[in-house]
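Based on the sequences and whatever the hints tell you, model everything.
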Amino acid sequence: MLLKEYRICMPLTVEEYRIGQLYMISKHSHEQSERGEGVEVVQNEPYEDPNYGPGQFTEKRIYLNNKLPSWARAVVPKIFYVTEKAWNYYPYTITGNYSYLPASTQCHLIG
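Here the sequence shown stands for residues 1 to 111, numbered as in UniProt numbering.
These aren't lab readings, by the way, just hints derived from the structure by calculation.
Using N, Cα and C, we set each Cβ at its ideal position, and we do this for glycine too.
It cannot be assumed that every hint is accurate.
Said to hold, decoys possible - Derived DSBU-like pairs (lysine-lysine); straight-line CA-CA distance at most 35 Å:
| id | residue 1 | residue 2 |
| --- | --- | --- |
| 1 | 27 | 60 |
| 2 | 27 | 85 |
| 3 | 67 | 85 |
| 4 | 85 | 4 |
| 5 | 85 | 60 |
| 6 | 67 | 27 |
Unchecked claim - Label-pair distances were calculated between CB atoms; the ranges are:
| id | residue 1 | residue 2 | range |
| --- | --- | --- | --- |
| 7 | 51 | 31 | 32 to 38 Å |
| 8 | 20 | 46 | 43 to 49 Å |
| 9 | 26 | 66 | 17 to 23 Å |
Rendered as structure tokens:
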């Protein structure tokens, strides 16, 4: 197997990039939240993993009702959201446990 590695020089340090990445994620979540819709942060706390080291655990509830077409809104309950659980160990991120309808259907993705 041939492995090629490319490196791109950045005008900032790794720590500055990590802080900027967290800021942009927070800013995007805030911009998507309006009139009770959007992103609700349920839990955000430091987390220690034996394999990846120190990191951050975040659980978000993303409300999608206003993003659906009108015909789908008639069928889907008013409380329609996705729950995302993410463990961020920069540069690694583990995301999983998505639930689409509260207390009914659940689908789990690990990526």
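Outcome of the hint check:
1. With a C-alpha separation of about 14 Å, the suggested pair residue 27 and residue 60 falls inside the 35 Å cut-off, and the hint holds.
2. Distance restraint check for residue 27 and residue 85: the Cα-Cα separation of roughly 18 Å lies within the 35 Å cut-off, and the hinted pair is therefore satisfied.
3. Restraint check: the Cα-Cα separation between residue 67 and residue 85 comes to about 21 Å, which is no more than 35 Å; the hinted pair holds.
4. At most 35 Å may separate the alpha-carbon atoms for a hinted pair to count; residue 85 and residue 4 meet this at roughly 33 Å.
5. A hinted pair counts as satisfied when its Cα atoms are at most 35 Å apart, and residue 85 with residue 60 qualifies at roughly 7 Å.
6. For the given pair, residue 67 sits about 19 Å from residue 27 by alpha-carbon distance, which is consistent with the 35 Å threshold.
7. A C-beta distance of roughly 33 Å is found between residue 51 and residue 31, which places it inside the suggested range of 32 to 38 Å.
8. Under the hint 43 to 49 Å, the C-beta atoms of residue 20 and residue 46, about 19 Å apart, miss the expected range.
9. At about 21 Å, the beta-carbon gap between residue 26 and residue 66 stays in the expected band of 17 to 23 Å.
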